[in-house]
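Asks: Now for the letters of each chain:
There are 2 protein chains.
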Amino acid sequence: MKKNVLVIGAGGVAQVVAHKCAQNNDVFGDIHIASRTAEKCRQIVASVHEKKSLKGPGVIEAHELDAMDVEATKALIQKAGSRIVINVGSPFVNMTVLSACIATGAAYLDTAIHEDPAKVCESAPWYANYEWKRREECAKAGVTAILGAGFDPGVVNAYARLAVDDYFDTVDSIDIIDINAGSHGRYFATNFDPEINFREFTGRVMTWQDREWKINKMFEVRKDWDLPVVGKSPSYLTGHDEIHSLSQHLDVPTIRFWMGFGDHYINVFTVLNSLGLLSEQPVTTAEGLEVVPLKVVKAVLPDPSSLAPGYTGKTCIGDLVKGTKDGKSREVFIYNVADHKEAYEEVGSQGISYTAGVPAVAAAMLIASGEWDAKKMVNVEELPPRPFLDLLGRIGLPTRVKEGESDQPFA
Amino acid sequence: MKKNVLVIGAGGVAQVVAHKCAQNNDVFGDIHIASRTAEKCRQIVASVHEKKSLKGPGVIEAHELDAMDVEATKALIQKAGSRIVINVGSPFVNMTVLSACIATGAAYLDTAIHEDPAKVCESAPWYANYEWKRREECAKAGVTAILGAGFDPGVVNAYARLAVDDYFDTVDSIDIIDINAGSHGRYFATNFDPEINFREFTGRVMTWQDREWKINKMFEVRKDWDLPVVGKSPSYLTGHDEIHSLSQHLDVPTIRFWMGFGDHYINVFTVLNSLGLLSEQPVTTAEGLEVVPLKVVKAVLPDPSSLAPGYTGKTCIGDLVKGTKDGKSREVFIYNVADHKEAYEEVGSQGISYTAGVPAVAAAMLIASGEWDAKKMVNVEELPPRPFLDLLGRIGLPTRVKEGESDQPFA
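Chains as they are written, first to last, in the working numbering: chain X, 243 to 653; chain H, 243 to 653.
For the record, the hints were derived by calculation from the structure and aren't laboratory data. Hints should not be assumed to be uniformly reliable.
Derived lysine-lysine pairs resembling DSSO-like cross-links, with alpha carbons at most 27 Å apart [as the list claims (entries may be wrong)]:
1) 537/X to 459/X
2) 361/X to 537/H
3) 244/H to 321/H
4) 644/H to 474/H
5) 375/X to 617/X
6) 361/H to 537/X
7) 644/H to 321/H
8) 617/H to 244/H
9) 537/X to 537/H
Since this is a predicted model, take the numbers as computed values, not measurements.
Isolated chain X, as found in the complex:
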């Protein structure tokens, strides 16, 4: 049993991860939280104590760490005796944290694909640009590295695996749908790091259609859904991490991702993007100061974690899978509904952070128990989905399955 966990990052998702690890510290042992700003880690530790989240007596400690520094990260893993590293920091640090894990033999997991701050939307499949180049290295060292173990990517990959294995003989298409029907009451805000959020939408939209990569522009293709709980929801075809692994691991001709956006979000995004304010390339002011516009936009927007107290409403994220079973066509929607206010009451974060953080902890628990301790680099759809979904149901993100008029809890 792998013990002692190191959480990297101190944003809204890290807050959820810390609380959930604390709620399961019989599994995890010591909990360490590290980020560039130690104060933010200390606030998370204080919040864990305040909400009495620790299941039993145990260690929870804050650390200052520049996770771009492999040696410093290795040293902290060793000092803390951590055998599992949950990386929910900026996606810019994924590769350096992975290096530290390989060097120390600790298991690694993250919730979003690695990014280079200077590039947007590289060639498909994205995982081949950085992560998969290191598969052999992980296998050789016997190090477990689980990529994209949040909700999307993460839980939706497990839903896809489940559908292919248990619900269908052949799958024609998987449409992953992510709707946030919540309200934060601000003029405008992003639900996670604005820099990362906007980067998702400034590049090309790449999707997998008829076994080929297809390119669209953002907000070019709209589809309106009628979903459980959240009701009628407009969404737009969006490029997203999980398409880049599911398309390579599952025999499914069409895999698309749809993200829900309201008109107001699209208007603000369009204005900022059209003006060049979402660019990751520096501009020079009249006074000669070199500055990246996107970083200034991030600086003026609300800190996503500040939205949590007033956030109301629900999210609905799931996989709409179409195919055939026993010679008949079949359509199944496998999904979860989460509530912003309940998330805040439990762990002090809003629903978007909750849905990303809880699966990472579930995956870490399965590494600890050995069920997902793969000793190599894997994406979530390469692992058995049932233990993951069962555990998620117990720790806060129950799965439901809708087929025709039937809408049942997954069991």
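Here the structure of chain X is known, so what remains is to put chain H in place on it, guided by the hints.
Replies: Just chain H, lined up with the frame of chain X:
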């Protein structure tokens, strides 16, 4: 006769001023152009030669100058032997350039009110915050300083004076209307320095109504006009320089300023302003860089002078004056229509720069001739309007007067 002119600034308005001075170098003698970036001045000089704008053989020279530096500005005035300084640089340099003029005895004129980079919309009347504090200093030195000698403020002040003197016994209201019905073909651009442009609209809207300052919010009060040439035009109540002198110098109970805006401009402005991106107060990025958002917005927007080549359409700016004459109520619209393409063909700038720059040159010519050499600080409405309007008619900005069905050139 005052000779030799120094133009401060190298933007679109300075380009117009340089060409118009060159076209009248029999009046002006040597022409010097100075700005922070000497290269921009050299480009203007090259454009003057290219368009063969010099009326007769003469000097036109470019200089590098930090106009915030009084001593350097004095030295250049003395070296160039300039007796008239046309300040069309940033409104942040007005007071330092004025100091250099007072010290050297050169006449001063500008086209916009002085601003402190760190403040927006100070107490009314605005001219009392900086300019009018120096009236005695100018009078004592016998230095002519003409404030706000562009189109608005400037020509519209002369229209107001003319109306009060010649067209009415009593004036009830003056509505100054500024409509740009032109099109630059870009997603979004401002017609002059974005920093100055946006600053006009981020503060409170102050207008003079029933002999009192009245406060509104920007885009709160809309009025649609049906104007000569440009036709139906939506406009919004806007705070503007000229209200702050006309209200003090003319016996008119209500003086308002209306600027034309399309829905697209308002949407972009509202998004940027609501997010805090138009703030002149610095923010700090996650990386610790301190930066003024408005300066970054300026850096990503098109350089206003780059709009000129493709600009089409017309502007209409004028004073709608209501009052009584010989016991009867009367309503007169005194106005000018300018054409973007014609301006570009003549002087290489678009119409907004043209309407701001030509009046400054006309005012300078009247200083040179002695007609407007007031030997003290004045606003345009304190000077006789007819010589100014006559001269403007000859050098490119003819005035028209509309009353009922009659619409005649001013004579």
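Asks: Could you run down the list of hints and mark each one as holding or not?
Replies: Evaluation of the provided hints:
no., hint, result
1, 537/X to 459/X, "holds, 23 Å"
2, 361/X to 537/H, "holds, 24 Å"
3, 244/H to 321/H, "holds, 16 Å"
4, 644/H to 474/H, "holds, 16 Å"
5, 375/X to 617/X, "holds, 16 Å"
6, 361/H to 537/X, "holds, 24 Å"
7, 644/H to 321/H, "violated, 47 Å"
8, 617/H to 244/H, "holds, 12 Å"
9, 537/X to 537/H, "holds, 14 Å"
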